[in-house]
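*Asks:* Here is what each chain is made of, one letter per residue.
Number of protein chains: 2
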Amino acid sequence: MSDFVRHDRNRVRRGHKRATYDRDTVYAILDSHFLCHVGFEMDGQPHIIPTSHWREGNRLYWHGSSASRMIRHLAAGNPACVTVTQLDGLVLARSAFSTSVNYRSAVCYGTPGLVEDDAEFDRQMKLFFDRLAPGRWEQLRPMTDQERKATSMLVMEIDDAAAKVRATGPGDGEEADWPVWAGHVPLHTVQSVPVPAPEGARAPLDHPLMPAYGWRAETA
Amino acid sequence: MSDFVRHDRNRVRRGHKRATYDRDTVYAILDSHFLCHVGFEMDGQPHIIPTSHWREGNRLYWHGSSASRMIRHLAAGNPACVTVTQLDGLVLARSAFSTSVNYRSAVCYGTPGLVEDDAEFDRQMKLFFDRLAPGRWEQLRPMTDQERKATSMLVMEIDDAAAKVRATGPGDGEEADWPVWAGHVPLHTVQSVPVPAPEGARAPLDHPLMPAYGWRAETA
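Sequence lines, in order, name chains L and R. Plus 10 on top of the position in the first sequence (first one is 1) and you've got my numbering. Plus 10 on top of the position in the second sequence (first one is 1) and you've got my numbering.
Because the hints were derived from the structure by calculation, they are not lab data. Hints are not guaranteed to be accurate.
Each pair may be met inside one copy or between any two copies, as identical chains are not told apart.
As the list claims (entries may be wrong) - With a cut-off of at most 30 angstroms between alpha-carbon atoms, the simulated DSSO-like pairs for lysine-lysine come out as follows:
| # | residue 1 | residue 2 |
| --- | --- | --- |
| 1 | Lys136 | Lys159 |
| 2 | Lys159 | Lys27 |
| 3 | Lys27 | Lys136 |
Quick caveat, the model's predicted, so the values are computed rather than measured.
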């Protein structure tokens with residue numbers, strides 16, 4: 011696949027050695043989490059709202075209340091920035107200047123639109139649930155017309171994107187004589203033991219939970 | 011302390027039962043992580059950059075390269091939105107509509123400015139390091155004039171803010187007869203065993219790492 015083209019809005023200025031425009035890298039970061047941050051601007055004021063996303067091909071999807079300010083504003087044809095960040099660790103160098111973090115981030119630009127077709131809406135919801143808990147979509151109580159009306163789904167073709175990745179120890183090995191510990195502290199996400207609803211569940215947990223994100227599972 | 015005042019930009023429209031304008035709640039979320047997302051707008055295009063932040067009183071701080079597009083744009087007097095999000099779990103209800111996530115998020119609005127005083131710059135860097143690794147700032151190789159020149163620190167008085175918190179199981183107990191497992195899957199951050207730099211460290215690790223964030227430590 012070809013790289014994303016470097017335009018003014020997605021060209022990485024600082025730390026460009028950590029930057030990549032490779033589509034597979036951008037897509038892998040987008041797929042590594044279901045938490046993204048959506049940026050938009052209203053009346054000169056920037057806003058950032060965290061929400062859940064998923065991806066199919068070169069398109070990002072997210073959904074929310076049809077009455078949401080973010081959804082309504084973006085459905086009206088305004089540009090968005092969607093960022094997914096994985097913080098992988100703290101890098102402790104011998105100087106403040108070389109202290110850093112290990113991370114993977116993808117920043118995507120585009121102009122979202124509404125998914126208005128019901129069959130496509132359902133197909134996308136199933137894709138999202140298949141990442142969260144494969145097989146669960148078919149087990150859920152189906153959506154009602156009222157719920158569908160209350161939910162809006164946005165799709166954004168990724169017009170421009172860039173990723174940045176840092177994944178090593180401190181970069182100041184030439185100062186290794188300075189008498190302080192140096193290295194890095196990895197951080198990762200752990201998925202704990204599922205907690206059943208207090209009112210009880212009428213069926214056992216027979217689908218895997220969040221296998222797509224590569225998180226470690228904490229066993230009971 | 012008084013709540014943040016509800017203005018147009020920070021008033022939560024959707025899920026307002028999960029919203030709070032309580033300063034202690036906003037501050038606790040800001041202090042729960044060192045990863046934030048900074049939003050700004052240039053030429054009609056929203057941008058979101060992940061970076062590290064810290065807080066003192068009603069002010070948020072972050073720093074970066076003096077040549078950073080984000081830093082230069084915000085230092086010029088443009089408004090910002092800074093969001094900190096903790097994803098605490100996936101909430102699996104009996105319907106797609108009630109499926110949700112547990113999270114804590116704080117959205118802050120203000121207009122940043124540069125920290126131009128060297129003594130204040132150093133005092134703030136020490137505050138930041140005291141959260142990352144208490145006692146480490148004093149052990150580091152001191153900043154050089156060149157490094158100081160290459161680093162810009164921003165301070166943002168939090169003019170408006172709002173927090174949203176969801177921290178329970180599925181909200182559709184009235185549908186408990188539907189035959190699918192229901193409950194939630196907690197997610198948390200784990201701090202792994204520190205990895206020494208390959209070139210070796212001239213001193214043992216004698217300061218605690220990231221005690222401020224309440225993350226579980228993974229032991230060797």
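*Asks:* Identify every previously stated hint that the structure contradicts and give their numbers, smallest first.
*Replies:* Going through the list in order, the structure violates no hint and respects every one.
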